[in-house]
Each structure stands twice: as C-alpha cells, then as structure tokens.
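Engineer: Both chains are sitting in their own frames, so use the hints and assemble them into the complex.
So the chains spell out like this:
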Amino acid sequence: MSDLLVIGAGLSGLMAAYTAVKAGMRVTIAAKGLGSMHWGAGTIDVLGYTATQPELPVKRPLEQIQSLIQQNPQHPYALLTNEHIAQTLATFVALSKDIGVPYGGATNPGDNVLLPSPAGAARPTYLAPKAQLAGDLSRSEPMLIVGFEGMRDFYPELIAENLTHLGYPARAAFLPLKLITNRRDSNTVQLAQGLDNKEQRALLAAALRKIVRPGERIGLPAILGMDAHITFLAELERETNSPVFEIPTLPPSVPGVRLYKAFRGHLQSLGVRLTAGLEVISTQTTAPNGVPGAVQWVESATSARPLKLRADKFLLATGGILGGGFNSDVNGRVWETIFNLPLTIPQERADWFNPGFLNPQGHPVFKGGVKVNASFQPIGANDQPLYANLWAAGNLLAHSDGIQERSVEGTAVATGVAAAQALSG
Amino acid sequence: MNRIQTEVLVIGGGATGTGVAWDAALRGLKVVLVERRDLTHGTSGRYHGLLHSGGRYAVKDSHGAAECIAENQILRVTHAHCIEDTSGFFVVLPEDEGEYPDKFKAGCEAVGIPCVEIPVAEALRREPLLNPRISRVFEVPDGSSDSFLAAHATAQAARNAGAQILTYHEVTSLIMVGGESDRRVAGAVVHNVVTGEDTEIHADMTVNAAGAWTGKLAAMAGIEITIMPSKGTMVAMNHRLVNTVVNRCKSPSDGDIIVPSHTVCVIGTTSINVPEPEPLRIEPWEVKKMLEEGDKMVPGFAQARVLRAWAGVRPLFQDTYTSGKGRDVTRKLALLDHKEREGVAGFLTITGGKWTTFRLMAEATVDDICRHLGTERPCTTATTPVPGAEQGHYWVGHRLHEIEEKHLQSELVCECELVTRTMIENAARRNPLLTLDDLRRDVRLGKGPCQGGFCTYRATGILHEMKKAGSWEVNMSDDASSAAKWEVAYLQSPGHNLVSDADSHEDNGRAANTADSFNPNLLLRDFLQERWKGVTPILWGRQLKQERLDELIYMSLMNVDHLPDKELSSPVTEFYLFDTTPTAEEVADV
Ligand SMILES: Cc1cc2nc3c(=O)[nH]c(=O)nc-3n(C[C@H](O)[C@H](O)[C@H](O)COP(=O)(O)OP(=O)(O)OC[C@H]3O[C@@H](n4cnc5c(N)ncnc54)[C@H](O)[C@@H]3O)c2cc1C
Ligand SMILES: Cc1cc2nc3c(=O)[nH]c(=O)nc-3n(C[C@H](O)[C@H](O)[C@H](O)COP(=O)(O)OP(=O)(O)OC[C@H]3O[C@@H](n4cnc5c(N)ncnc54)[C@H](O)[C@@H]3O)c2cc1C
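Residue numbers (the numbering used here), protein chains in the order written: chain A, 1 to 425; chain B, 1 to 590.
One chain only, chain B, in its complex shape (with noise of 0.2 Å):
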C-alpha cells in the first residue's frame, strides 16, 4: 500500500474543506485533502448560490447574521471574481405586511447590515418584472456566489502554498491508534475510485469536513454525532428573471428567495428531513411550490421556461435530537473537538453553517489545529486573495465580452455558455477529468437550454482527439514546481484561454490515471445520462420539445445507444443512473 505522510489530512472537498486545505497550508502546515468524487460533488455544488448579506437571518439569529454580514465582506475581496454584486432585496408582499418588515430592519441595524429602504417605485425599476404590489423593499448587500469556481479557486491557493489535493479518493476507514484511554486517530485510508489502489495517509490532524456525511466518516472512529440531513430543492429557470437577489421579508419559508445565477435565475429551496445524504429525489410538489412561491415575487414566473431542478443536503448538526424542523435546527457551524467531547484524539470535525461562511469556518478549525499541534500561527485568509480575486467581481456578460472582443465565435464549443475549445482543452488538461460532468463544473459546460444537446458530442470529440494526439499525457509528469503555473483562476475566462497549454503540469492526483482509462463512448452514455437526471423533474413544455430533439441527435442520428464499449462503467455510472423520474404518489401528492 502506498503511504503519505502528512501535518493535517482533510476530508472532504466542498467549500469547508478546500477552506481548511487553504487557511492550513498558507499557515505553513503541511497538508493533504480527500475528496471522493470531484471538488463541489456534495452540498457546494447543490446549493443555491447566495452570499448572504445576513438578512435572512437577522429576526432570529443574529449570531449567524453577524457571522454572514463580515463574511460577506471578507469574500467580496479575496473571492472577488467568484462573486456577482447583485445586490439584494427584502420585499413585503401584501400577505407578508405585519410586525416582521420592522423586525427584519431593526435586526440588520443591529448587527450592522447595511439596509436601506428603497421606494417601491424605484424597485420596479430596477427590476421591472418584480410584484407591483409590493409595499415595501428593504436594499441588502446580497450578492450571487459561484461555489464551482471558488472551490477551485480556493483549492489552487492551497496547493500553490503547498497543500496535497487528491480528488476520486474515498476515506474508506481511519488509522485508529492506542487504547482504550489514549485513542486517536492518526489519519485514513484512502481509495482511489479510478484505479483501485489504496493509499494510508498518515497525519498528526485529521478534519472531517465531509459535510451531510460528517456523522458517517465519525462513525468510523467509533463516534456518534447526530446530523440531521435536511434536504432543499431548487429550480433554474432558463433567464435571469431578475438582477437583484430577491427575498420574501417574512420569517424564512420555502422558495422564498430568488438568485440570479450566471445566465439563469435560481429559486429555492424546500427544507425536508431525509434519513440519508444521498440519493435524494426532486419530487413534483417541490418544483410546483417553487414556480408557485416564485409566482408571487416575480408574476409569470410559474409559465417561463424551466431549466434544470436539483437538491442538497444541508447537515443540520444537533447535540442531541429534540422535535426539530429542518430550519430551526442551528446553522451554525460546529466545531466538534472529539478529544474533549470523546476522548479520541487527533480528530477534529467541522460541520453546519453555509458557504458564505466557510471561510471563517476554516479559520476556527486551523485555530483548533494549531493549538493542538503546539504552535501559535495567525490565520491569514481574511487578507489572502485567492487567484483570480484581482479580475474583480464577476458580471454576467463578461464571457461573451471576451469572446467578441477577442473574436472566439469560431472557437465555441457550446454556444449556450460560450465554452470555448481551448477552455476545454485547457481545463481537461489542468484538472484531468473522469467524466465531463467534471467540465460542466469546472467550465459550464452543457448547463445551458439544450441541456448538452450539441456540446456533449463536441467535447467527446474534442477530448478524443486531444488523447490521440498524445497531446493529453504531456502534463504526466509530477513536476510540481510548474503548478503554480496554471492559474485556475481564469478557469472561466474565454478571454484568458487563447492558446492550448499543451505544456502545463498538474498533479493533483487525478491526472496519471485520466488518459488512460478515457473510453470516449463511456464518456458520452455518463454526460447524457447526468443530465437526463436533472431534468426529468422538469420535463414539460419547451424543455420536452428540447429533450426529443436530443434524443433526435443522438438516437436517431448518432445511434449511441448502439456504440461499442456498452459494458464499460466508470465509478459514477451508477451514480447518474440513480432514477429521477417522477412516481405515481408523488405526483398524487401535488
């Protein structure tokens, strides 16, 4: 078996951990982060996209609207370019008039949100599809937040400080050492999902950032901590609806709140226990809540055209299990000392909160860490931008900016998302992938109206192509010094993608085994397949007339149902095979 040494193992690589890596790594610990699947596979990259001024929070838990409002700040400047300041509102519908609009301004004052009521008149013209009977609007620093891009963003300034990031490696179990009074946990073995070897990692600090599955990785020390997996569906809707981030100004509910996301509009979310993270059905009284809910805020939103549906989990920690509904359950994040709570040490877990405050999250860890390991280092990621941050914040016409101004139109692979090749190739080549969901994450690629109708063959094409030409094993070599190069950072920038960077070199675990297992029929079967799953809850109208077009394309013509290699899976095959479509009693349900 392999081994690693190692300061500080992190587990899991959502926004907490890829948080931890950072902060850990720029104190100068050495540091090494699993993550089972791809970067943002759990609840970061099934979220529902907003920085969180503190607003929502403000009537009833003014620690947590505290924690957001600084956040909120903090990441503006080093995640800049992650970041859309769209701005947010808080609107009073005639149903939601009372006490609570008061409320909600005398609780931002006083953890010092800045809000402002703005006349109705100028709301409307700000956003001109708003509810005109709408009597009040209270302006927040709510901003639109693009986790895929941050995690990436994050786990690069790790590893250019030194950190270790191995994704498709699963904890399979802890390295438990000691007896009955000194037990500790002294790291974890881990699984490669491509090639089936197993690695020990070795580490003086193990973190359980593993998000909804932090109870099931304590589990393996022989800790119980309860987590309540909560479940939140959200729906994307295929325009931007609206500019500005727009809340319900009532006590928080289902589908209350709108973010305006790249070129959709996102609404969200439902809050249902679930008895496990995973698999997690979409069922059709939660869309038909959302379009209702949505309805209401932005009239006609129920008749657009819907893109997509999917949910996350939201690991609502609990000391002890009382009655709990999802959202009264404590978003606070958790640090759980399992030294001082369970005798075991060696072993810490970080769980709860949200993503805007992941950053402090981390913080609060690598303190715990540090104390634990005897040494006294400040924490600098407050004041650390991450690259990419100095592109400033991100605004939705930029990619098509780049492309007309450096003239890409013919390079575009998918014109939905104007991905073009060499972003393609790039990314491919930089962060090496096992399935093109990998590039829809890392590029939006196919995340737009068709739906991977054109691009899903385009880049199986295209990838294929890169493999024969030998142009993909160039980066093979571990040479580690030459990966400060890449700049994930412009990961999403037409722009900054001009040239194939045939001779770039990234080692982050993934790459020695991509090429060679790249099968391009497989490729094609698991894309089609992923997105299948996301739309099937939302399948009617102009988005079914869309699927059958698809299914022209690659039944009719492509015949891929019928291509060699049928047998062949990968180890997220089944995964998307999970069956999303709606069952009789659902939709009774509704």
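Next up, chain A with everything else stripped away, as it sits in the complex (with noise of 0.2 Å):
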C-alpha cells in the first residue's frame, strides 16, 4: 500500500514522485508507456511562442508568462507564482547534476536559449542538456555540422544551409558511419549505446580533429554515448580543441531517454517503485451525490489478470491526447480515458481544428483538457473537486497547447513539482 500512486511516467510524473517522496511519501509509479520525453528535444521549453507573436521567439519567458496569462487566465502556469515556478526549475536543474545529466540555460540568466533544430531552424527553449548548450546561436563561432554518411535521421547539410540563412554561419560534413557502427540499421539509441565504447570514441574524436577548423565548434547528432556522454563531451572537445555539442534527431531521442533513465534510477534509489508497462485501465472510486468522492483503487491491465493498484492518494499524469491520457472517436467525443474526467475540449469535431497544419493559432482539440483547482485537484461543472484524494498534472491540464507554445516541459515541471506539494503539503 502506497501514499501516492502516480499514473504516467512522463516527466510531470516523475517530477511529482520526486517531490512526494523527499516530502517522505511511501511512493508508487504506474506507466503504460514512456511519455512524450522519447519523442522529444530533450529540452525544457518553458515558453517559446505566444498567440500574440506567434514569429518572434520569447525573450524571457517568465517574464513573458504574465503577459500569456492576461491573455489566458485560466492557463495551468496561472496556479502558480512566477516565483513558484521560477523555484520549481530550480529543483529540476539541481536534480539534474544529481542524476549525472546536468541542464543549464543562457549565458544571460532568465532568457531562453535559441539552439540549432534537426532541421536548422532556432528553436528557444529555457533549460537543455549541458551537451546542447555549445550550440547557443548567440555565441559568435562559426558551426561545423557533422553528420554520418548514410544514417537516416539526422541531415548536416540541411541544418547547415538553414542556419547560414538565419544569420549563424555553419558549413556541413559527413563521416562515414561505418566510423561509429558496423550495424547500418542502428537507431539513434543504439548508435549512442555504441559510443559509451572507449575505442569508438577514440576514432570518432581523431577523425574530428582532421576535419575541423580553428576557430569553429563542432555539432554532432545527440547520440555521444548514452551513460558515457558527459566523459565522452569532454574528451572530444578537448582532443579537437573546440567546443562541441549535440543536436537532437528525430525520435527516439536519446537526450529523452538519458533523462529518463538516470530520472528513474534515481527515483528507485529513493525508494519509489516504478512500473512501466503497465496500464491502467479502470477504477474503482466511490460518489456521493454533491460531495467529492474518492478514489479506492485502480486496476492495470498485466499479462496475467488485472492488478488493483491501491493507494491513498492518486496522481493523474497521463499527458492528455499524445500521452494517450485521452482518446476520442468519430463522433467527436473526447474522454479521459480513466477516471472520465470532464474535458474542456469541444465535443463535436467540426470544432476541433483549424485550417492548415503549422496554424500559428493551433487546434482547439490540442488546447483543453482536464480543469483542476488551485491546488491541482480536477474539478467537475460546480468548480468542485471530484475526488478528495485525486490530483493532476502536466500536459493534461486544459487551457494551454504546450507544443504551440514550447511549454511542455516547463508546464510538465512546474505542475507536476506544484502538485505534489499541494497533495503532500
């Protein structure tokens, strides 16, 4: 028997078992999946684009958020305080040296970073990978961007071209992939598993330092070794004498996975048991009419029977419609897919979208989600919470459409920590 069960091992997930179990819950985690940090930069977006602005990057993003929020009072980040949320980062960025994948942000406190995209474009974000931030596009060297002659997610030559023309020169180059993997059909996972090897490394830095100009730094796809990476970064930039960093690919994304897995070594350390694979599908909760009721227990779907899961408290952080938190169907309804929360998304599909997809305004179905009180405790049509004992966070959380806005992680940090206090407290 758990304090807390913790449903979906996102990051809004793990953030909150984290803060539940330094506050001294006894602490489970149910996941089906691995949550949208595989699919991802790797990055903590905190607010890269407004409605507003929609072409200009934000410059400081909390200070941006009061302006988000005069426009959208009811967006999560309004359930806290700039300060909160500043403090809730700050827990992330410590725990991240803790775990041995240290993040930092722009030279100059407080202001997002724009770092080079897979595709070449500038994408802003607030926290990455130390092995990103060489990358920052407001230091003056000149890019050489390394690729690997035949791997299939990652393209120099188009990040090069595009940077050149947005204002940040950069030339590409190609080694051959054979350097790094006799395996052709590697994916990005397996090509950084196979750098955490000494001599793999040893070849890729000598054959880096031919090719590399004084003067320049070196952008490599994110696959420099999976637990070596931190070594690995600062042996290469010591044998080519210049500043290197990494570049995400398309997924899986191993700076996703990297957190992940040193995130929930971590976790297992500090006592919280952690099941992926699992997923949950019913429950069984008690309501009285007009007062809140309760959550008894969940069930999840094992290879076997069915296993209640049961708890005093239950955390939902089940990451909305690309968490797989909702699911929908053709006549436009969207549901919760445990609990059957009530959603703010239109139930009728013509709704749902707007023409064109790069809108700069999104899609309204993207938007809503599950309406939650101030401290986080979803709430039905009187503005009441539902269940005493059940609390939500993250990528859920109605009123905001965090890939539009490069929110999701900060919204999965800030929600998920926010939560758990509210719920421990």
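Bear in mind the hints are in silico, worked out from the structure with no lab data behind them. Worth double-checking, as some hints may not be accurate.
Said to hold, decoys possible - Facing chain A, a subset of chain B residues (Cβ under 7 Å, in silico): (1) Val193; (2) His464; (3) Gln529; (4) Asn559.
As the list claims (entries may be wrong) - Distance condition first, Cα-Cα at most 30 Å in a straight line; then the derived DSSO-like pairs of lysine-lysine: (5) Lys545/B / Lys261/A; (6) Lys467/B / Lys178/A; (7) Lys178/A / Lys468/B; (8) Lys130/A / Lys178/A.
Because the structure is a prediction, the values reported are computed rather than measured. By construction, the Cβ of each residue, glycine as well, lies at the ideal position given by its N, Cα and C atoms.
Structural biologist: See the structure below:
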C-alpha cells in the first residue's frame, strides 16, 4: 500500500514522484509507455512562442508568462506564481546535476537560449542538456555540423544551410557511418550505446580533429554516448580543441532517454516503485451526490490478470492526447480514459481544428484538457473537486497547447512539482 | 515562344491520356502528352483501385460488363505488375436477399464473367473477418490495381516508343485556325507551371483526355459538352481487413465495395453531383457512412484505425441533361468526334469509362485518329506488355521480401511503406519532382500509419544532399537515347534499386528545372500540409494521437514553422492549403 500512486511516467509524473518522496511519502508509479520525453528534443521548453506574436521567439519566458496569463487567465501557469515556477525549475536543474545529466540555460540568466533544430531552425528553449549548450546561437564561433553518411535521422547539409540562411554561419561535413557502428540499421539509441565504447570514441575524436578548422565549434547528432556522454563530450572537446555540442534527432530521442533512465534510477534509489508497461484500465471510486467522492483503487492490465493498485492518494499525469491519457471517436467525443474526468475539449469534430497543419493559432482539440482548482484537483461543473484524493498535473491540464507554445516540459515540471507539494502539504 | 511540332497532342496525364499516348506511339505516330500537374493528379490518382471483373455492371449494363471482363483479362498481361490478383467476392447480406443474386449470376454468365458460387464456409475460411451472417457468396475475377504505377509504366512504354511526356504543363488555350465553315484545332498553348514559360504545340490531331476537366477544354474550342462531375469519397483503413475484394451483391450504391490495396484496404464510395471538379470536400457524413457500410460486410470495421480519406470525380458524360442521379448516367466510354458533331476538325474528346477500360478507350481514340490522318495502322496494345510486366502480379509481401532478401533494412527511409533511400534517389533523378507528393505517388512515400511523420524530414534531407552533391544535375542532359535505360517499372521495387543510378538520363520536361527550383523548406511545408489535408476528415482515436506526435516532431523538435523562406510557394502550395477541416453544418448533417 502506497501513500501516493502516480499514473504516468512522463516528466510531470516523475517530478511529482520525486517531490512526494522527498516529502516523505511512499510512492508508486504506474505507467503504460515511456512518455513524450522519448520523442522530443530533451530540452525544457518553458515558453517559446505566444499566439500574439507567433513569429518572434520569446526572449524572457518567466516574464512573458505574465502577459500569457493576461491573455489566457486559466493557463496552467496561472496556478503558480512566477517565483514558484522559477523554484520548480531550479529544483529540476539541481536534480539534473545530481543524477548526472546536467542541464543549464542561457548565459544571461532568465533568457531563452536559441539552439539549432534538426531542420536547421533556431529553437527557443529555457533549459537544455549541457551537451547541447555549446550550440547556443548567440555565440559567435562558426559551426561545423557533422553527420554520418547514410544515417537516416540526421541531415547536416540541411541544418548548415538553414542556419547560415538565418545568419548563423555553419558548414556541413560527413564522416563514414562505419566509424561508429558496424550495423547500418542502428537507431539513435543503439548508436549512442555503441559510443559508450572507448575505442569507438577515440576513432570519432581523431576523425573530427582532422576536419575541424580552428575557431569552429562542432555540432553532432545527439548520439554521443548513453551512459558516458559527459565524459565523452569532455574528451571530444579536449581532443579537437573545439567546443562540441549535440543537436537532437528524430525519435527515439537520446537526450530524452538519458534523462529518463537517470531519473528513474534515482527515484528507485529513493524507494519509489516504478513499473513500466502497466496500463491502468479502470478504477473503483465512490461518488456520493454533491460531495467529493474518493478513488479506492485503480486496476491495470498485466499479462496475466488485472492488478489492483491501492493508495491513499492518486495523481494523474497521463499527458492528454499524445500521452494517451485521452481518447476520442468519430462522433467527436473526447474522454479521459481512466476516471472519465470532464474535459474542456469541444465535443464536436467541427470545432477541433483550424485550417492548416502549421496553423499559428494551433488546434482547439489540442488545447483542452482537465480543469483543476488551485491545488491541482480535477473539478466538476460546480468547480468543486470530484474526488477528495485525486490530483492531476502535466500536459493533460486544460487551457494550454504545450507544443504550440513550446511549453511542454515547463508545464510538466512546474505543475508536477506543485501538484505533489499540494497533495503532500 | 517555344514551338513543338507533332502529329498527336494528348491533353491529360491520367489513365486515359497515358493510354492514348502509348497506343499512338506504338502505331508509330509522333506524340506529345501534356499534364498540368504530375501523372495521376486527377481522378486516376483518386479512384478506388478496383480492377473490375464486370460483376458490378452485370445486371444493369451488360455492355459495360463485357468491356470490363475483356479488359480485365488483357491488363492482367500487359500491366501484370500493377495488378494484384486478389479475386473478388459478391456477398449476400441478410438485407440483400431477393432476386438480385440470381439475376447477378445470370448476368455474369451472359457476358462471360467467370462466376462461381462458393460455400459460405469456404468464403469465411478465406476471409475470417467477413460477416458470418452472409447467405451466399459468388466469386469473380476482380483484382486490385495500382494506377500510380500503371500510369508510370504506360507513360514509359510510350516514351520508349518515342513519345514525349510533359508534366507540370497546363493547356491554357487551344490554337484555333480556319473560318466559320472549316474550323480546326491545330494544337495548344501550354504553360510550364514551374518555369512560367509558354510553348506552342502544333499538332495534326489534339486529344482531350482531361477527365473531369474535359468540358473546360472543349469550351476552349467553343464547344459545349456536358460533363456532370460526380464526387466519390474513399476511406483507407490501416490494415488489410480483407485480402479479397468484397462487393455487396445488390444494386450498386454507397460504400458497398472494399478493395485491399498494398498494406491497406479501401472502402468506397459515395456518389454526389458537384458543380466543379475541384476543390472537393469530404463531408463527415460520407466518412461515417463508409464506416457503417463497411461494418455490415466486416463487423468491427468501424472500430478499426482509419488512415486517410480522399475524393475523386467521375466525369459522367451526358449528351443532354436529363434527371440523372450520378450512378444512372452512363459510365460508358464516350468518344466525341468534334468534326462530326460540331464541325471542329482535328479535335477528339475521350471521356467516361473506367480505369479498367482505359486501354480500350485509347484504342478507340487512336483508331479514330488514324482514320482522320488517313492511315491504317492496327492497334497492338492488347498484346504488348509495358515495361515491368515481366515481374508478374504484385503481391503484398513483395517489398518486405526484397528488403529481407537483399538486406536492405538499413536503407529504409519510410519504415511503414518500406521505401529505401535508393528508391527515392532514383525516383527523384529519373522522374524529377516538384514536391514530395510526387514521390508519394511514385514510391508510396508517407502513405503508412504515420502519414509522413518520419519520412517527410528524411526525404527532404536526402534530396537536399543530392542537390548539394550535384548528383541531381548529372541527368540534366537531353540525351533521349538513354531514356529507355531507365526501367520505371522497377520504381516501386526495393530489390531493383540497389545502386544509386547517378548517370541515368531522363528528359521528361521537368528535369531541367527541378533542381534549380528546389527548396528543402518549401518541400517540407508542402508535404506536411498535403498529408494533413487528407487526414483531417478522419482524425480521431489513434490517428489523432499520431497527428499530435507529428506536431511534436515538426513544431517542438524541428521548429519548421520558423524556417527561412516562408514566403516561397510552389505551384501546388495553394492546392494543399485548401481547407479540409469539417464544418459545423457538415457535422450537424450527420
Ligand atoms: C470515386 C471514384 C472511384 C472510382 N473507382 C474506380 C475503380 O475502382 N475501378 C475503375 O476501373 N475505375 C474507377 N473509377 C473510374 C476511373 O477512376 C476513371 O475512369 C479514370 O481514372 C479516368 O481517367 P482519366 O485519365 O480519363 O481522367 P483523369 O485521371 O482525371 O485525368 C485527367 C488529367 O487531365 C489533366 N488536365 C486537366 N486539365 C488540364 C489542362 N488544361 N492541361 C493539362 N492537363 C489537364 C488533369 O490534371 C488530370 O490529371 C473511379 C472513379 C471515381 C470518381
Ligand atoms: C488505390 C489507392 C490506394 C491508396 N492507398 C493509400 C494508402 O495506403 N495510404 C495513404 O495514405 N493513402 C492512400 N491513397 C490516397 C493517396 O495518398 C491520396 O490521398 C490520393 O491519391 C489523393 O491525392 P492527394 O493527396 O492529392 O489528395 P488528398 O490529400 O487525399 O486530398 C484529400 C483532401 O483534399 C480534397 N481534395 C481532393 N481533390 C481536391 C482538389 N482537386 N482540390 C482541392 N482539394 C481537393 C479532398 O476532398 C480531401 O478533403 C490511396 C489512393 C488510391 C487511389
């Protein structure tokens, strides 16, 4: 029996579990998949663009959040003060150092940093793995973007051309893929694992030393080791005598996997029980009329038979449509899959989309979600909590489109920590 | 203005137009074909994919049924690799019982369509997902056809016989000569939509094979012909829920055929009169209706994952407007000799018909051309296989088999559809492209469950590398003699695209400008929007989740909405931007 059962092992679920276990609770995490960390850039985007100025990257996200909230008073960030958001991010940064995947930000504290995207665009982010930070586009050294011939998830020519076009000088170079692997069909995670090997690392360093020009910094796909990446990065910088940085690739995301693995290991060492591959499929609740009900247990599908998971408190962090927390059907119904919590998503397909894939206003279907009160408890029509022992955090919260705003991870960290503080307080 | 002189000018790069070019070139005529976009941009790329046995027309239109079975047997030889020999069932559901099934059997017999009633148990063994409540099953030689590959193969056969195929060339006016009493079409002015250049093509005979647009072309010659555009919507499911074509054994109506096609199966269609051949909207009720009808034949169909929806227009030809619901107006081929009809010489219109009968339509057309040119040359298309036919029929495991046999796993750029890097490189070189959509038609790029989520970026990166390496320009010679070297037939075959064929030469009119106008960011944006356009009508459940993942990749990770060159557009950008999201009124109608 746990004090807290966290459903979902994305960034918000992990941050909530961390906060709760630090507060002395016994915590279990049940998760179906691996969360969107495995698909993204591995950075902590707090706020990158706003609907009022979709073309301009946000310069100072924490300050800009104030005007975001003025436009959208129900935004999840509005549940926290600025100082509180800053604290949660500081918690994350400290944790990242402890667990060996250190994160950092712009030279000027509080600014977003612009980093090269795998398409060669400048992506604004607030915190990035240390391994990406030398890609900071405000630095003046020209970039040498190095790829591997035949690697299907990374295109240095495209990156270099677009960066140059945007005013950030860059050139591209290729190394043979066989320098780092014998298997041409390796995915990014396998390539990274291969580069944990010392000899392979030495070969790559030697090859890079030959092609880099003095004064350049080197950008490589984010595959520079899985467990040994910090050491490897230092080796490469020493051997090439140049700053070296990673650029994220198509999924699976090595930076995301590194963070997840280290985070999970750390939580387990703190006594958190984490079972992946456990899909919660149903729940037993009491719901007396008018008064908040209570969650008694949730049931998960295991290979053999359903497993009842009991806890005093439950935290839902299943991540909305992308995470699998919501499902939808042809009739325009969108529902939360475990507790059937009310959603702010329009229940009419005609109201789901704006025209165009890359519409700067986003799509309403992706903006809605679970409404919570100031202590992160899901609420019903009368604004009262639906269950006395249920909380929610992360990208399933209503009134924000994390992908459009580039706030997916910032929302996860801030609300994950804050919800756990609320429920353990 | 550039000037080209030819004997025959064919307008339209669909099944019919490519068929006419092939036939005429085989008969030794000098041919130029022009198409305003890519081959199969029109109805031929938006049809249902059924190689008709004729069964569908056996009761009401025995003439059409007879044409189908004859052509079915011919195409199985001439275009073998474009056809999957799936066979076809006509199934009798409880609500379809009555006189129709016996009439159907008799109708098939009357025109010579092999039709065998098989035990229900056998049908269920072969197609376990079929509705177990069916009472009778008839088996006929239906098949599944790939019009994209077929158009390429037919066009290549035409090129090999000397024809010139110009894609992205739009006819903007016809060249009219003569006075009131001896009017004649002497060719056309075509506009290269990529370079903006105009060319005068002078021809002895001009063939209007513009599908649903034939009326517009005829109007350029001052001729009024009534084409009633009738829209049909199709919905592709994520899996092959059936491996046999399944037809309802009843009077043809909406959503009564399921065709297995490559890795998916497609249900269709609706039939709705529309004022114009484009743009076409897919309405929510159409999708819903398709799923409901599919569920009757295959219970559970409506719950399966939906991949995509598209719509095409039947160019139904009517000499005079009568009442006419779409399905009752003739779908027979109509060859209009405008000299006889309106006194305009040098101009033929060929319309109506089916994909299955395109070869026959071409034969009739070129017979008439020869008559007008005063020459007698027999048609040979019925016995002349196009390049690639020697591979035999398509079968669904063929790509996987070749990938495994040749160990090409590492080369895969599109894991869903098993497209290798070399397939993309060769397709791009030999059939240079304006958009990734062209590659989608060529090699099925982006047609799988992720609808371009991974391969859009990869294909863009690969093409950009080719451009940088200059390996694209290599082929920019007009050495026509080597055109035959390229076997377009193997376009879709991973096992035949093992080496990147950097010195192939292809002059199809686009080559000369593709690499110059290439912009990777535009390519990315256009294709993302193209894929979006065809999924909005079916976005819910797992496909909605998939779309959100694609957003994460292209916005959060790649930031493609903030790449340079935002102001650039291609000649097709606007087409892709056509808004396909369902409207409130449409949803309310359901
Ligand atoms: C919904 C639907 C389902 C169908 N299913 C089947 C089926 O399962 N089996 C079957 O056998 N048949 C089927 N058909 C019929 C079949 O698809 C058509 O008969 C066939 O594709 C028509 O080919 P086409 O070449 O005549 O026309 P199209 O393919 O439309 O070709 C005409 C071409 O002309 C071009 N063009 C137009 N104007 C100009 C211009 N000014 N300059 C240059 N080019 C121009 C267009 O871009 C177009 O590519 C279906 C039809 C529909 C609508
Ligand atoms: C036999 C067959 C099998 C197929 N199998 C698959 C498959 O396995 N996977 C897959 O992804 N796709 C499949 N397709 C569909 C294919 O990917 C395209 O959707 C189809 O060829 C239509 O082309 P498109 O992409 O230009 O139009 P789409 O992207 O399909 O266009 C869809 C939207 O655009 C609208 N539209 C259509 N015509 C016009 C027009 N002229 N102007 C403006 N808007 C228009 C439609 O109404 C619709 O809303 C198949 C098609 C065929 C014919």
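Engineer: Confirm or reject each hint.
Structural biologist: So, going through the hints one by one against the coordinates:
A hinted interface residue such as valine 193/B counts as satisfied when its beta carbon comes closer than 7 Å to some beta carbon of chain A; here the least separation is about 22 Å, so the hint is violated. A cut of 7 Å between beta carbons decides the hint on histidine 464/B: the least distance to chain A is about 5 Å, and the hint holds. With a least beta-carbon distance of about 5 Å to chain A, the hint placing glutamine 529/B at the interface is held under the 7 Å criterion. At its closest, the beta carbon of asparagine 559/B sits 4 Å from a beta carbon of chain A; the interface hint therefore holds under the 7 Å criterion.
Taking the CA atoms of lysine 545/B and lysine 261/A, the gap is about 25 Å. The hint holds against a cut of 30 Å. At most 30 Å may separate the alpha-carbon atoms for a hinted pair to count; lysine 467/B and lysine 178/A meet this at roughly 24 Å. Taking the CA atoms of lysine 178/A and lysine 468/B, the gap is near 22 Å; set against the 30 Å cutoff, the hint holds. Under the criterion of a C-alpha separation no larger than 30 Å, the hint pairing lysine 130/A with lysine 178/A is consistent with the structure, at around 27 Å.
The earlier numbered hint that this structure contradicts is number 1, and it is the only one.
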